[in-house]
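There are 2 protein chains.
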Amino acid sequence: MSTSAYKNLVERCSEIALYNSTSALLGWDQETCLPKKGVAYRAEQCALMKGRSHRLFCAPEVGGWISECEDGDVGEDPARLANVRDWRWAYDRATKLPEELVETSERVRAHAMSAWASARKEDDFSKFRPHLETIIDISRQKAECFGYNETPYDALIEDYERGTSTADVAELFEELKPQLREIGLAAARRSETVSEEMLNGHYPQEAQCAFNEKVARAFGFDFEAGRIDTAVHPFCSGLAPGDTRLTTRYDEKDFCSSLYGVLHETGHGLYEQGLPAEHHGTPVGNSVSLGIHESQSRLWENHVGRQPAFWEHWFPVAKEVFGPLSSRRVDEVIAFTTRSRPSLIRVEADEATYDLHIVLRFEIERDLIAGDLAVADLPEAWNTKFEEFFGLSVPNDTEGCLQDIHWSMGALGYFPTYTIGNLGAAQLFAKAHEHLPGIDGELASGNYARLLEWLRCKIHEPGGQMLPSDLMRVATGEELSPSYHLEHLRSRYL
Amino acid sequence: MSTSAYKNLVERCSEIALYNSTSALLGWDQETCLPKKGVAYRAEQCALMKGRSHRLFCAPEVGGWISECEDGDVGEDPARLANVRDWRWAYDRATKLPEELVETSERVRAHAMSAWASARKEDDFSKFRPHLETIIDISRQKAECFGYNETPYDALIEDYERGTSTADVAELFEELKPQLREIGLAAARRSETVSEEMLNGHYPQEAQCAFNEKVARAFGFDFEAGRIDTAVHPFCSGLAPGDTRLTTRYDEKDFCSSLYGVLHETGHGLYEQGLPAEHHGTPVGNSVSLGIHESQSRLWENHVGRQPAFWEHWFPVAKEVFGPLSSRRVDEVIAFTTRSRPSLIRVEADEATYDLHIVLRFEIERDLIAGDLAVADLPEAWNTKFEEFFGLSVPNDTEGCLQDIHWSMGALGYFPTYTIGNLGAAQLFAKAHEHLPGIDGELASGNYARLLEWLRCKIHEPGGQMLPSDLMRVATGEELSPSYHLEHLRSRYL
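Going down the list, the protein sequences come from chains A and D. Quick note: the working numbering has the first sequence finishing at residue 494, numbered continuously throughout. Quick note: the working numbering has the second sequence finishing at residue 494, numbered continuously throughout.
Possibly wrong hints are sitting among the right ones.
Put simply, identical chains are the same to the list, so a pair is met inside one copy or across any two.
[Claimed, not checked] Below, simulated DSS-like cross-link-like pairs (lysine-lysine); rule was C-alpha separation at most 25 Å, straight line:
1) K385 with K37
2) K214 with K36
3) K96 with K177
4) K37 with K214
5) K121 with K36
6) K127 with K214
7) K253 with K319
8) K214 with K431
9) K96 with K458
10) K431 with K127
11) K96 with K214
12) K121 with K7
13) K458 with K253
14) K319 with K7
15) K127 with K177
16) K214 with K177
17) K253 with K7
18) K431 with K458
19) K127 with K7
Read the hints as simulated data drawn from the structure, not as lab findings. If you're wondering where the values come from, they're calculated on a predicted model, not measured in any experiment.
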């Protein structure tokens, strides 16, 4: 009996996955292709897909099947046990949201993303403000539906990093903050002689595309099962089995901007391509959390891609396609790609200052949700805090509180996962070195196969079978800790 | 009571339109973006969307609402009356197809399109053959479900050109065939001095894109509600309100190939962008038939875009972006773009020979469906007929029976609409001249607004309100006739 209940759940999840993957394509297309006048109708399409998926999962029979699995015997297979555990968690959570709220939320989101893009382009926060007010309001409604221990933000963060509370993040961030400031100041002093324009030149977009693809392919990204496109905000979307799409943006004066965007998204893409295909659609077939996802992107971007050894290997290749590099030395490229200084834009921030951007966003969004900060006061709060954290005054909202897409997507509680990912990346990379003797030599010769294989085995193939904290403990032999990340930053930047 | 039934139908159709437009995006993406390994899953997504749309329309309550509208009083509004008439036709037709056949058909189609693309690339008909056999089989099953008067092909053509029978097409084509051959021979003699390589040079894809977009914009295509991408087979997809997408393909030696592809698809796109948005989702909001659709693409491609006046205006603009044109004269470009000779590829065929390609395909697909020709014998039948019609031997299947995407899409009965469109284009363009004194001068100065306005009023804005034959009669004052097209060809090519 529980076997047929389990089978019913898998079938239902396959149908839901078809809707979700179609939703994901609608979203990808909106960011990369959709003409302006198609936005309104796209919002309706997204709302329908999300509503349908929600309805299929929240149907009473699904709850019945989950109970049957819990009460009956689904066997000892850990994947089955994990699926049942996660279905229960997700079902209880999803059935707390009225369908109308899910559809409204989707509709609001599509409009808000479009308004955000215009507001950012025209540096006009007032165009985004009413949309964000609605989004904060909807997020609070969702938190009330979900329930929480201490503060509504607890309920939101749960979507992105299960088992993490607002207090956990606040405590971690309070511990990190003074050390990050110390590292940031020292790193900036160390980089004083490295000019931001040092490598400036004309790097045609086409040449950047070709070089980025070459590196992504070397890392192991499968271009028969994925692609790279252009979007305002770089992202990775694991649309469906065999279809993982990355985006980046191009600055023809600076090839590093698109390159490191691609290396980062390739890390996400490798994770998506490495998930267990046989479990697609069920929780075990999914990535386990955003923090773990981000640990993969950061590992490839920063630990692999900003190593001196990376450039020792790739500099000759880059010289062949980028004319302006002919007069540069490899140590200059290394110094440039590990330079650090306080800066305005998170996605372009260096490692030494990056986490402070996250701490800032966490504090602001926590206050927005708690009602301690009004949306109307967001630009001022942002700018004040920015001055305090980085000693920089923010010249406009486009480079300030309008720079990130997340809030327009309704993704409140998402930002902390970036720093959780940074900690995970450092811890995994350190452990990979312990487990893989000789790996440095392989990386230095552009051979990434064994590192990828290790990540496949430790992180990708388990999919969603464990909770994120358990996965990290099993993979590295200890709890997630800030020490590896801080040690990495100190050794690179001090 | 019939008012609420009508309202229910409109609401149901809006939901169906969301599924259909999402399907259309899945299809567009498959042709332009989808990585190879994503094809199998895409087939499942398409099948789900089509199945859901079919189920929503075929539900018993829909039949009930239509009957209520027929029996009750929906008022005198011609749009309402037309919607009720078309819903009845479509409902009776759709409910004849078992849902399983619809889903199987979608799944087969997605796989067949991918197999066709490989077979074409590798010139290996055997890779496509089993897929085509399944498609022919499914098409016959569909025809049996629909029912027909004389031959199963009657039931298929009805999907593309309502009210047209196999016998109608056969009679028309028998009338055209000798005249087309005579025109083709004379046109080829007239073009003997025009070399295929006359304009050859290096035309970078980027410059072609920019020029094509400029012309499409001048014709009136709204790029805030549409875009142009690259695909193996040029097509236009009216995905959703505010989102009409054209594709073309590029040959860097010959800018005319992508340009005339774009002019053709722009004609389709202008029709899609001009449909009555307030009726979106209902039959009145749709294009009326493929023949009418094709009349729009042919009118802009051939009657506008191959006029000498077109090049009188655009040649100086083209010279600015295309280096190799600097040494050419405008009369050479005019001669080149109106040259004619028997050729292998339909989409690159000139006007004087184009319809013979259609006659050939009609005869073959009619025989495939009737069971008079086996799929295994298709390449030979194609090549024999080609020799007979054009005096050319077909060197390989890629340039022979594998050249068109239609059969892989399951679109049997589609080809005749191209020639119906050619007749319509000539008739409409001739009537536009009668109705719009001075239009030649406007076209010669690159001003297309009044011609577009006339087409908007006569063809686009009525949407699906009339049957195709009625629309043509109301627009031009007479039945669709081959005389305008033959006269146009004679005056241009003899």
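Tested hints:
no.	hint	in the structure
1	K385 with K37	neither (37 Å within a copy, 47 Å between copies)
2	K214 with K36	between (33 Å within a copy, 19 Å between copies)
3	K96 with K177	neither (36 Å within a copy, 68 Å between copies)
4	K37 with K214	between (36 Å within a copy, 19 Å between copies)
5	K121 with K36	within (14 Å within a copy, 35 Å between copies)
6	K127 with K214	neither (40 Å within a copy, 31 Å between copies)
7	K253 with K319	within (15 Å within a copy, 30 Å between copies)
8	K214 with K431	neither (27 Å within a copy, 57 Å between copies)
9	K96 with K458	neither (34 Å within a copy, 53 Å between copies)
10	K431 with K127	neither (47 Å within a copy, 48 Å between copies)
11	K96 with K214	neither (46 Å within a copy, 52 Å between copies)
12	K121 with K7	neither (49 Å within a copy, 41 Å between copies)
13	K458 with K253	neither (39 Å within a copy, 51 Å between copies)
14	K319 with K7	neither (55 Å within a copy, 65 Å between copies)
15	K127 with K177	neither (33 Å within a copy, 62 Å between copies)
16	K214 with K177	neither (37 Å within a copy, 54 Å between copies)
17	K253 with K7	neither (55 Å within a copy, 57 Å between copies)
18	K431 with K458	within (11 Å within a copy, 72 Å between copies)
19	K127 with K7	neither (48 Å within a copy, 35 Å between copies)
Of the hints listed earlier, those the structure fails to meet are numbers 1, 3, 6, 8, 9, 10, 11, 12, 13, 14, 15, 16, 17 and 19, in rising order.
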